[in-house]
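Sequence order for the protein chains is A and B.
Residue 308 in our numbering sits at position 308 of the first sequence, and the numbers go up by one each step.
Residue 1021 in our numbering sits at position 21 of the second sequence, and the numbers go up by one each step.
If you're looking for bench data, these hints aren't it; they were derived computationally from the structure.
It cannot be assumed that every hint is accurate.
Simulated coverage check for chain B against chain A, where a stretch passes if three residues somewhere in it have a Cβ under 8 angstroms from a Cβ of chain A [said to hold, decoys possible]:
hint, segment
1, 1067-1074
2, 1083-1091
Pairwise CB distance ranges (calculated) [as the list claims (entries may be wrong)]:
hint, chain 1, residue 1, chain 2, residue 2, range
3, B, Arg1043, A, Asn29, 40 to 50 angstroms
4, A, Glu146, B, Arg1057, 27 to 37 angstroms
5, B, Tyr1041, A, Val51, 26 to 36 angstroms
6, A, Lys37, B, Thr1050, 21 to 31 angstroms
7, A, Asn29, B, Asn1035, 22 to 32 angstroms
8, B, Arg1169, A, Arg18, 38 to 48 angstroms
Predicted model, so just to flag it, every value in this text is computed and none were measured.
Where is the CB? At the ideal position from N, CA and C, for every residue including glycine.
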Amino acid sequence: MGGKGSAPSNNEMVQFEREQADEARRKENERQARLTKGRAQISQIFHGDPVTTPQEAKLSLSSLSGFAPGAPTADGTRIIGTSKEGDTFKRNYMPEHGYFAGEQQGIGDTGWSYLSGYEHDDPGGGPAYLVYDPQGNFRGVGANWEQATQGLEGATYMKDTPTGKYTNEPFDQAFYDKYKNAYTNYYTPKVQQQAHDAISDAIYGFARAGLRGSTQQNTEITKLEGQRADELANVGNQADQAVRQQREAIATEEQKALGQLQSTEDPEVAANQAMASRTDQLTAAPQLTPLGDLFKPLVIGGIGAYNAYNDASYYNSGLRANSPNRSSGQTTG
Amino acid sequence: MCDPVGMIGLALSVGMQAANYAAQQDMVSKQNEANQAWLAYQRMKAREETARQETLRRQADASRMETLNKLSGPEQKAAQTDEQGRLEQDLSKTAGLPSDEQLAGDKLLTSGGALDMTNASPEIAQDYASQLTAASRAARERIKNLATIQSYGGSQFGLGTRANEWLTRANTDIGFAGDMRRGSLVAYGAEKGVEPLKYQMGAGAGSAAGIAQGAAGMAGKALGGALGGGIGSF
């Protein structure tokens, strides 16, 4: 008598919209996963992929930072903590507890994670605190923080400890020191040779002028020694700045790789770009320039010797000798 | 006398109206349920998105705060002191300045050195040694000043280099988090666009009401005629 009952007029459209929303969220999650993976790959290429070994360590609740274990908010939503290292969360079903729970990945050295709240998908669920150790292993659950962490202070867990080795060698300090040493080893002998030549010339000059062993010689030699120390220090300073430029160049290449990653969202392309940049940096030759003359040659007694020759020549030819005060025996330089 | 046909028609009319009302109530009830479900879905998505945004914001903020701490006065001063010490040691070693000032003169006074003073008079040798020591001390002081100057800016780990490195690192982290947040908001926009189910009356309900109304009208007229005839017969 009353005809057919009411029915939704836009059922198919709503279904389609939900599918599209789910698809958009899934694609965004995949995009973020690609970005995270790509960033990790680039970091491994430029900063090395350390080899770790599990070693026993003790849990320390007092070292927890960045969390605020408190009551759920008024509408019962989830309190999600974030460590100082800014670790991200993902949802994971915990069948042993019968509800969806959050899990924090990549926890810092002594940081913990927890997740409290209840899931709207499970009407029967109540507030729960879940505790994970720094390795991400589930360690406890309870209705409050004290319950969840009961007995965990000082408990042991297996911690991934760096061994000092790398599966992918980084641009470490040894790499930059090698560059710096090559730079100084190239220029230092040249400076030493120039200094030695200048000191030797000065000694010989003073000897020719009859001033060998004089205090004036001492003064000039020590000046040259001081200048040698300054020039060598300058070489060291330039080498340090060259290393700084190399560091900046490598950092720039890393930024380019990261920028390309965000543009393409394809971590494989960015990783290849990073490897190419790394190869370029490893084979880059230092820009070396000629030193030039660092030490001005000392003209000691040269004019005096010349004048003495002239005097003898004029004397021998019967001409008047040069006046005694004509730059004879003066030291220049 | 009452017309049975009229009575039946009246009953039919009332019944039809009741059925129509029931159908409308059913639709209203179902629509309310659909609206509540839609609200619950939207609230859930809003909470999830708020949590995601907050997590990413905290990541970016943590990186920003770490950089600010590294660029604070005490940290910068400590870094400058460390870098000055490193440079002093490094440059002195490159310059060949011995750690003991007295050795500077002794090295060159021995026979076979750059300046052989073995045959010099004691006064000259002493004068040379003291001048060389003074020159070494002056060179070391100049190197110390050079190390101080470079530690403020252009050296490997100088303040300028250090600040640039930390700021670049923070920019990368913040940019990364910002990119994630923007992408998440786009996906949330699709979730917000989901509409609630919209209910409408069933396909036969309108025609049944029309038929009921027509039948009721005919019954009403028949009843009215019967009543009028009956009244007139009195």
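Tested hints:
{"no.": "1", "hint": "1067-1074", "verdict": "violated (count 0)"}
{"no.": "2", "hint": "1083-1091", "verdict": "holds (count 3)"}
{"no.": "3", "hint": "B:Arg1043 - A:Asn29: 40 to 50 angstroms", "verdict": "violated, 21 angstroms"}
{"no.": "4", "hint": "A:Glu146 - B:Arg1057: 27 to 37 angstroms", "verdict": "holds, 29 angstroms"}
{"no.": "5", "hint": "B:Tyr1041 - A:Val51: 26 to 36 angstroms", "verdict": "violated, 47 angstroms"}
{"no.": "6", "hint": "A:Lys37 - B:Thr1050: 21 to 31 angstroms", "verdict": "holds, 26 angstroms"}
{"no.": "7", "hint": "A:Asn29 - B:Asn1035: 22 to 32 angstroms", "verdict": "holds, 29 angstroms"}
{"no.": "8", "hint": "B:Arg1169 - A:Arg18: 38 to 48 angstroms", "verdict": "holds, 41 angstroms"}
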